[in-house]
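Chains as they are written, first to last, in the numbering used here: chain A, 1 to 610; chain B, 1001 to 1181.
I should point out that these hints are in silico values taken from the structure, not numbers from a laboratory. Even glycine gets a Cβ: it sits at the ideal position worked out from N, Cα and C. A couple of the hints might just be wrong.
[Said to hold, decoys possible] Listed next, with one range per pair, are the computed distances between beta-carbon atoms: (1) L1173(B) with K533(A): 31 to 37 Å; (2) D488(A) with Y1116(B): 37 to 43 Å; (3) E536(A) with K1163(B): 29 to 35 Å; (4) E587(A) with D1103(B): 19 to 25 Å; (5) K533(A) with V1171(B): 18 to 24 Å; (6) E1107(B) with E97(A): 31 to 37 Å; (7) Y1180(B) with K159(A): 54 to 60 Å; (8) E1026(B) with A571(A): 52 to 58 Å; (9) S1154(B) with E587(A): 35 to 41 Å.
[Stated by the list, open to error] Footprint (simulated), chain A over chain B, 3 or more residues, beta carbon under 8 Å: (10) 1071-1078; (11) 1093-1105; (12) 1122-1134; (13) 1138-1149.
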Amino acid sequence: MCEALGRAVREVCGALDNDPTRMVDIVRGVQQKMGCVNEEAIDAIAHWTGAQRVEVASVVDFYSFFSREKQGKVVIRLCDDIIDRFSGFAAVREAFESELGITLGQTTPDGLITLDRTPCIGMCDQAPAALINDVPVTHLSTDKARRIVRELRTHGDPKKLVKRVGDGNNAHPLIHSMVENNVRLEGPVIFTPERRGEAITKALAMTPAEVIRAIKTSRLRGRGGAGFPVGMKWEFARAARGERKLIFCNADEGEPGTFKDRVILTERADRVFAGMTIAAYAVGAREGIMYLRGEYAYLLAFLEAVLERRRKDGLLGHNIMGRHGFDFDVRIQLGAGSYVCGEETSLLSSCEGRPGEPKTRPPFPVQKGYLGCPSVVNNVETLACVTKILEEGAASFAAYGTQASSGTKLLSISGDCMRPGIYEVPMGIALREVLDLCGADEPSAVQIGGPSGRMVVAPDDFDRTICFDDLATGGAVMVFGPERDLLDVVAAFMDFFVEESCGYCTPCRVGNVLLRERLEVIRQGRGEPSDLKYLEELGAMIKATSRCGLGQMSPNPITTTLKSFRSIYEARVSPGAHGFRRSFDLEEAVAQAERIAGHESVHRQEVTHE
Amino acid sequence: MSKPKVATCSLAGCFGCHMSLLDIDERILELVDLIEFHKTPLTDIKRFTARCAVGLVEGGCANEENVEVLRTFRRHCDVLISLGDCATMGGIPALRNFVPLEDCLREAYLAGPSVYNPGGDVPNDIELPLLLDKVRPCHEVVKIDYFLPGCPPSADTIWAALKALLSGEPVELPYQLIKYD
């Protein structure tokens, strides 16, 4: 083994106590030092951590930010989601490719730069965007792309690409990023000014049971999309047997079109950590883990500094706020480019140092989660709401929104509108009003809740409301104008699910590929009416037989548009004559054989005209 | 009333499904009371001269002749059944779908370990049907009404399906007939 590699692996493993549950961090460390995690590195990691070789290899292969092949010193990951595609992704990609002299997925011969793509990096309001190592670059143009390449060739340091910093804390020296918050509407819950320690003080004045009762009274439901009642989740975890309990903050915001957590973490990180601390008090937990998506690694140093300040201020650590025996601390676990890790059981698998594969439920995480310990997993926004509830009381929180959906909701709005960005609106707001706020003049369709959500149609559905009973969403709102081909949108979403399926359940791994293939046939105008039925049946089967939310939601782009936009499908299908499949083209199918044989088919004519 | 006509063919298959059909043993007497075999290797009738109620298709489509036969069946049969795994999914022949066509031909006629071909010729007569780029299951080429899986489907499966179809009853295959482990 090469000496440098051996030393790098030993150092990385040693720094994390050779702990196999920190496998994701270990592999990341080796990847960063060596530019890849090759066979030798896998052997060495297995040696130092005592893990099986296959356990290490499965982590390397599962996460898209890790690779066995050597990558460039600088890795450019172009954000490839539908908003970026509609904002000039193809042109930007071509500019990068021609300037670098390589195509997507390749590395420059000098080993300096790798060009790749990745699903949504949470910058849809400033698309097209890319990640260059950890550094987000936004509002890309062909000129900017060429300039970036030329600069990288001279200094090789992505951080130096940031000329002008964004607003708010994006200008903080520890973030120093060109990302903009684009907060367009500040509401009364998430964006309240800082009142350090107040929420925790008020929580400590109550018993844990009273805190849980307050959360229940507020009727707070999970903000990640599923909407599970938070008080109930905490109560289950409190009642669960086990000495060791944990609070997780799910900051793996991967749903394309969602970027609200990025802004909360940039501007109101204290409110999130306060929420975790309150949850810890209520549940009886001493450890917390924030699972931060790898795409937001540029926030890591800043968030670590916030945690450190909170420890100094006595808001984390031993005897918090002077309360004897109330110990709680938080560590940040960085993800590595896997969407499914936003699913709570996959998130726990990832924190355990394994591939982010969902766990079978029951047992639920509140009973047996991380390493078998009762674990509460809450969304970033949910935890920020908790802090507000403790500050101002459950009743004042519940006064916002509706009976079944209390409080406010952060929306991440992108696409064809004048003012994309973050909006904090009361739950129950009509979609029409949201569209007015963001300046969507001519929306023909709106995707609510990202690819796994649903597409709603103009103008029939615009009086529907954003809440758990109607249009439930984790916050993504993508607006599509009349010039957009909605089947392009559906196709992009299916590409996403095919890429992000963890592969555990066959219906999800294979079924989504089949859905995408048949959709492609229809897009090419070679589909038949029976294909629509096929899509519906296959979609229903995938939903019924996949074990995690990703698989259960993955056919949604197709099934929801088949309901609300059936005409766009019907316009492109027609029955084949004589019961022949229109998708089969004999000429195309024998073209290769004709080339090899060196002559045309002499039979084709009778076949087609019989 | 004349008996309904049944046609059968084997495309890119091994005739195993036809052997399985013959495995219905003495029930074949009952079958010929119910139906009349039309174009099929069993009768050696080469061309359709009448409309058929049922077409049984064994094998998928590997070359242009397979496509021609299958399309002819689709035109002349009311109900078309994919018989067996090759017709339903491509089966063993479809394993070549992962290998470029040139490589397949090279392996078969030039480079394969058991090949004796001193002339080094790859068959290329103009009359030979050309291979498709990929082997396709029948339903990707024409509309298929029913699928009978199995390699081959057992005689009892074929018998149960045909009988139900010909008597106008719903096809109900008990679990034992369609489990394969």
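Evaluation of the provided hints:
For the pair L1173(B) and K533(A), the beta carbons lie near 22 Å from each other, so the given range of 31 to 37 Å is not met. Between D488(A) and Y1116(B), the C-beta spacing of about 54 Å breaks the proposed range 37 to 43 Å. For E536(A) paired with K1163(B), a C-beta distance near 31 Å keeps the hint of 29 to 35 Å intact. Between E587(A) and D1103(B) the Cβ separation comes to about 23 Å, which falls inside the hinted range of 19 to 25 Å.
For the pair K533(A) and V1171(B), the beta carbons lie near 19 Å from each other, so the given range of 18 to 24 Å is met. Under the hint 31 to 37 Å, the C-beta atoms of E1107(B) and E97(A), about 36 Å apart, fit the expected range. At roughly 59 Å, the beta carbons of Y1180(B) and K159(A) sit within the given window of 54 to 60 Å. Against the hinted window of 52 to 58 Å, the Cβ-Cβ separation of E1026(B) and A571(A) comes to about 55 Å, which satisfies the hint.
Separated by about 39 Å at the C-beta atoms, S1154(B) and E587(A) satisfy the suggested range of 35 to 41 Å. Requiring three or more residues with a Cβ within less than 8 Å of a Cβ of chain A, the coverage given for the segment 1071-1078 of chain B holds, as 4 such residues are present. Using a Cβ-Cβ cut-off of 8 Å, 3 residues of the segment 1093-1105 of chain B lie near chain A, which meets the minimum of three, so the contact claim holds. As drawn, the segment 1122-1134 of chain B meets chain A at 9 residues by the rule of a beta-carbon pair under 8 Å; at three or more, the given contact holds.
Judged by the Cβ-Cβ criterion of 8 Å, the segment 1138-1149 of chain B is covered by chain A as claimed, because 5 of its residues qualify and three suffice.
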